Each structure stands twice: as structure tokens, then as C-alpha cells.
Amino acid sequence: MSGVQSSELLRMEDVFTWFPIKGGILGRTQAYVKAVDGVTLSVRRGETLGIVGESGCGKTTLARTVVRLAEPIKGRLLFDGTDILKLKGGRLKPFRRKMQMVFQDPYASLDPRQNVRSALTEPMHIHGIVSGKNEADKRAAELIRIVGLNPDHLSRFPHEFSGGQRQRIAVARALAVNPEFLVLDEPTSSLDVSVQAQILNLLRDLQKELGLTYLFISHNLAVVRQMCSRTGVMYLGRVVEIGPTESLFERPRHPYTEALLSSVPLPDPTKRRLLAPLEGDVPSPITIPSGCRFRTRCGYATDKCAEVFPPATEVAPDQFAECLYDIDFAKKTKRELPVSSVQ
Amino acid sequence: MDGSTQDILTVKKLQVNFHTFAGQVKALDGVDLSVKRGEVLGLVGESGSGKSVTALSIEGLLPQNAEVVGGQIILNGKDLLTEKQGEIRTARLREMAMVFQDPLTYLNPVLTVGSQILEILETDRRVFTPVVVAARLEDLNKAAREGTLTEKETREKASLEALLAEQTLGRREFKRLAKAYAVAILGRVRLPEPERMFKMYPFELSGGMRQRTMIAMALVRRPALLIADEITTALDVTVQAQILKLLRELKDQIDASILLITHDLAVVAEICDRVAVMYAGNIVEVAEVGELFKNPLHPYTQGLLAAIPRPDAVRGELTSIKGSVPNLIYPPSGCRFHPRCPSAFEKCPLSKPPLVEARAGHYVECFLYGG
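These protein sequence lines map, in sequence, to chains A and B.
Heads up: take any position in the first sequence, counting from 1, add 46, and you land on this note's numbering.
Heads up: take any position in the second sequence, counting from 1, add 18, and you land on this note's numbering.
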């Protein structure tokens, strides 16, 4: 991928986040769970970059690594040109303010014994962005209005709110410190469809008004299609394909992306597909297959795939895939397609 | 909807309340539902709509604090709310099976897959004797047709045919046949190496394999009705696709009706024949799947369909339904959807709208369409 551009707000270079598995009498490290296994990507200012993948592919660890909730063992993480992996304590704090996170489950991410006002003003005081209590309260009232609730709600506690309202509060809390960059980890997965749409619209409006940049983690491909300008597809700790959402969805170039997309049922009974292109399950992130990690489930895989590590190649403008073959070529040469015929 | 004989299951005016410290939760407010023989009926709704309570009522698994206030649940001609306990048990055992969302909660972690299947069959040997014998005979007959029957098998076939008439089977003989049958069923749900699977423990299986095991356990009883409650919700899309495909294939083989409970309209679109939409304890709309997606009538269904993000096209602003699902301790008066409804008028808060047939086979509970 091309070099550092000024439009990049965040850049990850060869980031590895491995978790040790300890065991035995001496408690030695026996192996590693390779949750993020060499990810290079960049998030451009003002865009929404979506990360999709199945459970266990490392997308949440990726999100946590970005905001330094999980420590990578190797790699560079550049925020606005500064490698924040080298910083700690007081020097990291200004960057903590600039990037905030919204978690999946608003029932777990809000302190049940803290009222909304306190949840919103606490980060303001920590980062010293308000001069006193009155200013903080004023700002809290403003924030709660921005996310579509009203100032009466400030003195209430999380249990008094529905899931959708709680997620609005979590968004307000993230915005409390004037961040530039939000990491949204499955922000609507625990919500019902009708409420999900409300939160997605809110996030979109906020992005426009405040000029925010989002890293949007989701397993829901339909939501990513609606929300993101670019999308990255993760499989077993690596981003196997990344590109503009439109071209990635319309013409996936990595066999995994193709299979993932054709597994999603459409809300349209006239377009039944019932394809189940992938057999079996994702291999363990402890023992990752050699060469291309998708080869064990890939319908186009050849002997070469086990030996050669596929480099990221630009397969279309701004679209990169980690596959040795051109997918159209693979389809022609391979008789047996992984996509079974429509019933 | 009339309870015609082609329905395997008919639920009429079912009302269920839950007693809680906060008050009475009026979870089901007169649910009318019927599942025809051989069809896949989707029951779709958001959380708190009462779809799982409906399923639990049919299954007889309501918790202690629930009370069935009124209504009927008729399974193949028997009312599950009024018949004698023994009758109900046999009816449920013979006619109905269910699969739940989280297979790990329902599988016993200390027993092998095989022993859990055998346990089901051994609960009632009399009921399952014909099933296991018929299954073995099917195999033998197939072998006979292909002319690969050994002498021993010919003798076995004759003795089994005699047994089928008498309906009695020794314990060891039953166990042998039950095991063969269980392995065959594991193969049928496309588990690799069924003999090995038979000896495995749930923790050794992946999420998709566990759900296949649950489906196998449901199928051993050859149910006329399979209740599938959010069976793909905990699974990834690629595995969900595998399970849905399996369900479709099985439906054609086993000749069962399926009541598929889900919150996901895309899953409904993929495999259901008819859909019932639930909201706050009511069935608000029922129609053929094509008709419902093409002509949604109830404002709630319209809102729900407009709110789903699609993976195959980009929409500008997503439409959402304002507000959230009501608290059912104090449900809204009249039509329970009226506080969130964009087309509510004076009549809506006053009384509950009846379920009317607005178009052929398309029922809706809304005053906009009469009633």
C-alpha cells in the first residue's frame, strides 16, 4: 500500500496483537492466540472504515489495539503521524482524548451506579476540557440533546433506559471530550432493527456535524454497506481484503470476501439463494494454516497456497487483496466452484 | 383463521401473563396462529414482542411465574391446555420437537452426543420402538432392493417385520437399533463421521456442529412440528447459511412443519413459506412470505421492512420507527402500536383492532383496513 499521506488520521503498520497461553508447572508461555496477526491499514480523515469478519477473526482485538486497550507485541500505530505505541502516561493522555470508543453492549459499558450526568462529566474533568462544574453540566446538557435525549435524563441511572437510549448515552460519553476519532465496536449488534436504524442515523449525522472519523467494527455486512466508505475484511487475524465499500461488495476479489457476501441472506423472498459456500468452521487462531490462511476452506486453493504467503496486491483502484490468484482466473481454471448452485 | 384439519398446530386467543415484583407483565394479548402441515411458518418480531413466550407456551416450558390466562393451543387435534397431563406429554413427545438458540445451554456437557440421543429414545420405548424398527427396516429394504442383503440380514428383516406387528422389542435389541438409528440421524444433519460424533462431548464441537447436534436430537423423534427458536442467531453468517440450507433440505425429507422464530427478516425471506409478525404480544400481520415483503400492510411491518439495512444496495437515510418497544406491565391501550405509529388516528387508543383478512390470505390487525 502507498506511503503515508497527509489525509491519514490513523495508520497501523504490521501490528501483531498476540495473547500468550500459559500453562505447565512453571507457567511458561506454551503458545499464542494470534488475534491480530500483521495488520497494515490506514483510516483517512473524515471517512468511516468498516471492519467485517466472523467471530474470532480478531476484529474486536483490532479495535482495542487501536485505542490501546490491548497491547500489541509488535508494530507501529501512527495517530496523526505520532507513533502512539511508544508513548505512555502523561504523553499518551492527549491521544486518549482524541480517540474514544463505543462498545457493543451498553448494559455492560455504563456503570450502573453512576448517573448520566456524572458519566458524561467525569471524562471532561479528567481531560481538563472544562473549567468548572457549571461548565461541565452545561456541556453535558448539550451533549445529551445532541444524541437525541433530553436534559431531564441527566439525573437518571442506566437501568432506567432502554438499550437504544443507553447506546445514545454511550455515544454522548464518547463525544464528551471532543474526540476526532471514534472506534465503534459493534455499536448496534445488541439492538433491535427499528432501534438500530435510529442509532446508525445518529452516528451518520454526528459524523457530518462534527467532522468525525470512524472505525466501524461489525459482523453485519448489511450495516457496513450502509455506513462505511471503505471496508476491510478480516480472516484469522489479517485483513485479507480492503477497498472502497461499493467495489468490494459489487466485485469482491478475495475468495473469502466472495464467500462471506454470498452467505448473507437477503431480506427479499424473490432473491432466495440458499448458498452455503463455506464448509466447516474457522481454524483456531493458535495454529494458523501455513501460506494463505484461508486455503483450508478456499474452493480455489492450489498446492502453492500452502507454501507461499500471499502479499497484498492492488486488484482494483484502491482495493487490495491477499490472494495469489486473480479471482476471475481462478474461476476459469477451477472446474469445481466453491459456490454451489442455486436450488 | 379457521382451525381447519390441515393445520398441525392452532393457537387461539392465547393470553399469557407473568407475575413479577414490578407488576403483571401482559406478555401475550390474544395470539392467533396456525401452522399448516408441511409449511415453514416464520414468527418474527423484535425482542420483547412475545415470540419466544408463544413458543414456550406451545412447548409447555413457561416458567413458574407465568400464567396462561386464556386461549387454546391445539396440537394435531389435542388441546394442550386442557387434556390430561399424560396425554399432553405423549402428544408433545410424539408430535413436536424444538431447537433453541444456544446449543451449549441445552446440551449436557458431561454426556456424549450419542448418549443424549439415546436418552431421548429411551424415555419411552413403546413410542419409539416402531420408529427405530422402521428406520432399520428402511435400510434393510434398501439393501434388499439393491440385492446386497446377507443371509443374516434377511433373517433380521423377517424378525423385525414380525416385531413391527407386535410392537415389542427386547431392551438390548432396542438399544442396538436405537444406536444405529442415532448414527444415521447424525449423518443426516451432515455431521462429518457420524460414528465418531456419536462418541464426542459437546465441548469438542464447534458452534455450527452443536446446532446440528441439536437438530439431530429434535429429528430422532420424527416430529410433525419442529419449533426452531432463533437457531441461527448465535452463529456466524457462513455457518448460518449452512444451517438454513440444512433445514430446507430436511424439511423436504422429513415431511415436518417448521415454526421458525427469528428476529431476522432476511432469514424469514430465505426459507419461510408464510410469516406472522408479532409486536408487543400480538400477531399484527400474517401473510405468504412473497406477499408480506411486497405488500406489507401493518404500519409496524412497513416500518420494520424499511429499517433493515440491505447488503445488496445502499440506501440514503435509514428509516426508523420512533420510540421503543413498550413496557408490557403498562401496555398502551387499544392497539399496542399506536404510540409509535405514524398513521394512528382517534380510534386506535380506544380498542384493540381485530385481525381482518385485508387481501386473500393476508391478515392484518389494524383499523386502517377495517374492523
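Do not rely on the hints blindly, as some may be mistaken.
[As the list claims (entries may be wrong)] Think about it this way: if two alpha-carbon atoms lie no more than 16 Å apart in a straight line, the pair counts; the simulated EDC-like pairs of lysine to aspartate or glutamate are: (1) K120(A) - D157(A); (2) K44(B) - E77(B); (3) K132(A) - E59(A); (4) K197(B) - E169(B); (5) K139(A) - D60(A); (6) K134(A) - E117(A); (7) K263(B) - D60(A); (8) K31(B) - E57(B); (9) K54(B) - E306(B); (10) K144(A) - D126(A); (11) K317(A) - E174(B); (12) K317(A) - E335(B); (13) K120(A) - E168(A); (14) K254(A) - D291(B); (15) K312(B) - D314(A); (16) K184(A) - E206(A); (17) K317(A) - D291(B); (18) K54(B) - D330(B).
Just so you know, the hints here were simulated from the structure itself, not pulled from any lab data.
Owing to the predicted nature of the structure, the values given are computational and were not obtained by experimental measurement.
Please name the hints from earlier in the document that this structure breaks, with their numbers sorted from lowest to highest. Those not satisfied are hints 1, 2, 4, 5, 7, 8, 11, 12, 13, 14, 16, 18.
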